[in-house]
Amino acid sequence: MIHVKNIKSGKQLFLLRLVQDFQHKRKLWRLGVDWTVWVYIIIPALLLGVYFYVNFWRGNYEWAYYIEESFIPILLLILSMSGTVKAYLKEADILFVWQSEHLVKDLQKYSFAYFCLSTIVSSLVQFTFILPLLVVYLDWQMSDVVNIFLFIVVFRILFTLIKRELNVRLGKWAFRFSMLLVIGISGLLLNFLVPLLTDVILTLIVTIATLIIITLLNQHVSKKKQRFYREVEIEVEKQAKSVQLLFSQLSIIGGPEFLTQKVKNSSRKRPFLFRKSGKIFRDFSAKNSYMEIFMKSLLRNPSWLSSYFRFVGIGSFAIIIVPENYRWAVWLLIVFVIGNLTKTFLKRVLDHPFLSVVAWPEVNEKEIAYNCMIIGLIPGVLILSILYNVLTFALWGIAFGVVTSIILIIVVAQFFSTRVIEKSS
Amino acid sequence: MEVLRVNIKEGGYSEKEPVIENVHFTVQPGELLGLLGPNGAGKSTTLKTILGTLEYVDGEVEYNREKRYAYVPEQPIFYDELTLWEHIQFTASVCGLTEEEMKRRVEPLLDIFRLDDVRHHLPLTFSKGMQQKLMIILAFLAKPALYIVDEPFVGLDPKATNDFLRLLDEERKRGAGVVMSTHMLDTAERICDRFVLIINGQVIAQGTLNEIRSENGLDDKNLYDCFEILLEKNGL
Chain A
1 MIHVKNIKSG KQLFLLRLVQ DFQHKRKLWR LGVDWTVWVY IIIPALLLGV YFYVNFWRGN
61 YEWAYYIEES FIPILLLILS MSGTVKAYLK EADILFVWQS EHLVKDLQKY SFAYFCLSTI
121 VSSLVQFTFI LPLLVVYLDW QMSDVVNIFL FIVVFRILFT LIKRELNVRL GKWAFRFSML
181 LVIGISGLLL NFLVPLLTDV ILTLIVTIAT LIIITLLNQH VSKKKQRFYR EVEIEVEKQA
241 KSVQLLFSQL SIIGGPEFLT QKVKNSSRKR PFLFRKSGKI FRDFSAKNSY MEIFMKSLLR
301 NPSWLSSYFR FVGIGSFAII IVPENYRWAV WLLIVFVIGN LTKTFLKRVL DHPFLSVVAW
361 PEVNEKEIAY NCMIIGLIPG VLILSILYNV LTFALWGIAF GVVTSIILII VVAQFFSTRV
421 IEKSS
Chain R
1 MEVLRVNIKE GGYSEKEPVI ENVHFTVQPG ELLGLLGPNG AGKSTTLKTI LGTLEYVDGE
61 VEYNREKRYA YVPEQPIFYD ELTLWEHIQF TASVCGLTEE EMKRRVEPLL DIFRLDDVRH
121 HLPLTFSKGM QQKLMIILAF LAKPALYIVD EPFVGLDPKA TNDFLRLLDE ERKRGAGVVM
181 STHMLDTAER ICDRFVLIIN GQVIAQGTLN EIRSENGLDD KNLYDCFEIL LEKNGL
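Protein chains in written order, with my numbering: chain A, 1 to 425; chain R, 1 to 236.
Wrong hints could be hidden among the right ones.
[What the hints assert, rightly or not] Chain R regions said to be covered by chain A (calculated; three or more residues, Cβ under 8 Å):
(1) 109–122
(2) 127–139
[Stated by the list, open to error] For lysine-lysine, the following BS3-like pairs were computed, each having C-alpha atoms within a straight-line distance of at most 30 Å:
(3) A:K86 <-> A:K241
(4) A:K276 <-> R:K233
(5) A:K269 <-> R:K221
(6) A:K276 <-> R:K16
(7) R:K173 <-> A:K269
[Claimed, not checked] Pulled from the structure, derived: some chain A residues nowhere near chain R, Cβ distances all over 12 Å:
(8) A64
(9) N288
(10) R348
(11) P353
Everything labelled a hint here was simulated from the structure, so no lab data went into it.
By construction, the Cβ of each residue, glycine as well, lies at the ideal position given by its N, Cα and C atoms.
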């Protein structure tokens with residue numbers, strides 16, 4: 001255990017921050033994942049994952065044979081975009097740490113070394129997942145895979161370094177536009193290089209050249225004065241984003257309700273949708289207003305909206321890949337999960353402390369909750385039901401899908417809306 | 001008849017650890033009651049008890065006829081995803097106002113508090129003062145029988161403070177009662193009709209300034225001095 005009073009070097013400070021970071025993540029995990037989540041979600045998902053991976057290796061998925069080699073550079077680019085360099089700075093460091101140049105420089109040095117190490121590990125994991133695609137379906141040699149792996153590790157480091165430097169130095173929009181440029185150039189580069197990397201000598205030359213660029217860039221970054229508040233802001237934003245993502249996922253799969261509290265602040269002055277506060281419903285009534293705040297909150301919350309459609313996407317994928325006999329069970333399970341997600345979000349809206357600002361005659365909460373649940377369920381249940389029914393009954397499935405959607409939406413809305421009210425009151 | 005009658009034997013976050021004890025007071029129509037006390041004395045807990053948001057309460061909080069209040073919290077609260085105007089629309093519809101009535105009431109308020117240009121912005125991006133102004137606008141929009149106000153002056157500029165007090169005065173003339181928790185003793189002395197001084201979760205003095213002075217032998221002292229002396233007497 002490292003104690004704060006013993007901190008004398010940047011290495012110690014870095015280790016302390018790393019331990020704190022792990023402890024923080026472990027706490028969050030333990031907060032949201034109890035045995036029910038293990039039993040009902042994680043273990044079944046792992047078993048399904050293993051089943052899928054084994055079948056992937058066995059070449060059992062017809063669709064994977066249709067994947068073209070030209071897709072690989074795109075896949076590698078997407079994987080490369082996921083990295084982040086943490087500065088391990090905290091806001092309170094402005095009081096003491098920031099005054100000590102060697103502490104800050106050392107912290108920067110060790111953070112970078114740790115980032116390189118974690119990039120190697122995460123790339124190994126990613127390659128393990130895509131290995132069957134490369135070896136079984138695209139017929140690559142293992143030596144080709146090793147070559148690509150070597151290059152991709154250094155490429156990811158370079159890409160992430162550039163991304164971070166642009167994020168720290170540029171304004172929000174300049175950063176976004178410059179990233180589009182960087183992604184475009186990276187895509188062209190990967191598209192050009194990946195087919196050539198079957199040659200070992202060429203791979204080594206390209207890898208060493210990238211390493212030299214990384215070293216020069218890192219030296220340049222280290223010499224420049226860090227922008228303290230921007231670094232901290234990026235750190236907080238990242239942490240808040242990951243915490244919110246984790247919490248929203250955990251709350252969907254059964255974690256405590258308070259995990260749905262918002263942790264990130266937005267800097268957007270006007271919302272994306274309904275920029276002039278336009279009404280959704282013509283009639284001006286309390287019931288419509290409740291439904292309106294539910295719909296607007298959901299539509300304007302990218303984290304929740306992406307969670308919703310991620311679940312619909314994963315559910316659709318699961319319905320396609322599972323054996324026919326189990327398809328109906330997966331369909332109903334995902335509809336239930338979408339119902340639970342909608343309920344959690346609705347509860348967040350109906351339990352909001354803002355509602356204590358004015359106390360007025362009670363509204364019919366049950367009717368409001370039921371209507372909101374119906375609205376929230378429609379897109380997800382419709383997509384999943386039509387997909388399931390089309391796979392089972394071909395074109396007739398569209399009609400069956402609509403009919404079963406209506407029944408499921410009513411049943412699931414009834415089931416969850418009662419629970420929203422029970423817990424809210 | 002009183003707008004509010006508070007009779008709390010005990011209240012807190014759990015039965016084992018009550019934060020406030022024996023808090024009894026009333027608010028008459030048109031009266032402004034100042035809830036005073038040092039940090040952590042139990043003022044906000046008392047307000048939460050009145051709002052009915054506290055986990056444990058042994059006692060009663062009675063409203064005159066219907067429970068219709070507007071609450072101005074110390075820390076502004078709002079939906080992150082809704083604009084200022086949408087908060088107004090929601091509050092007005094919940095209070096049963098028509099759209100025309102809402103516009104008639106809110107337009108002058110937006111003008112007074114200079115939030116007209118940001119009506120379609122998200123309050124999340126506002127300064128603390130602007131967020132506080134939004135809370136005040138929502139309260140005045142509702143025109144309730146009772147205002148529950150927690151530290152309203154924090155973050156408000158002097159003009160907004162004066163406008164708030166003027167509007168509050170108009171509401172009192174209409175017959176609305178006000179419970180206000182504050183640390184601004186000079187302002188409280190000027191505007192409050194009666195005071196309730198809470199220390200360590202208990203009421204140690206209440207009444208008009210003259211009543212508090214005479215009961216404690218503090219002739220000619222202002223509210224600030226009375227407050228200081230009563231704190232000292234109670235070991236703080």
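How the hints compare with the structure:
1. 109–122: Holds, because 5 residues of the segment 109–122 of chain R bring their Cβ atoms closer than 8 Å to Cβ atoms of chain A.
2. 127–139: holds (count 3)
3. A:K86 <-> A:K241: Status holds; Cα separation ~14 Å.
4. A:K276 <-> R:K233: Distance ~57 Å between A:K276 and R:K233 Cα, so the pair is violated.
5. A:K269 <-> R:K221: 49 Å, violated
6. A:K276 <-> R:K16: The hint is violated at about 50 Å.
7. R:K173 <-> A:K269: 38 Å, violated
8. A64: 40 Å, holds
9. N288: Label violated. Min Cβ-Cβ 7 Å, cutoff 12 Å.
10. R348: 10 Å, violated
11. P353: 5 Å, violated
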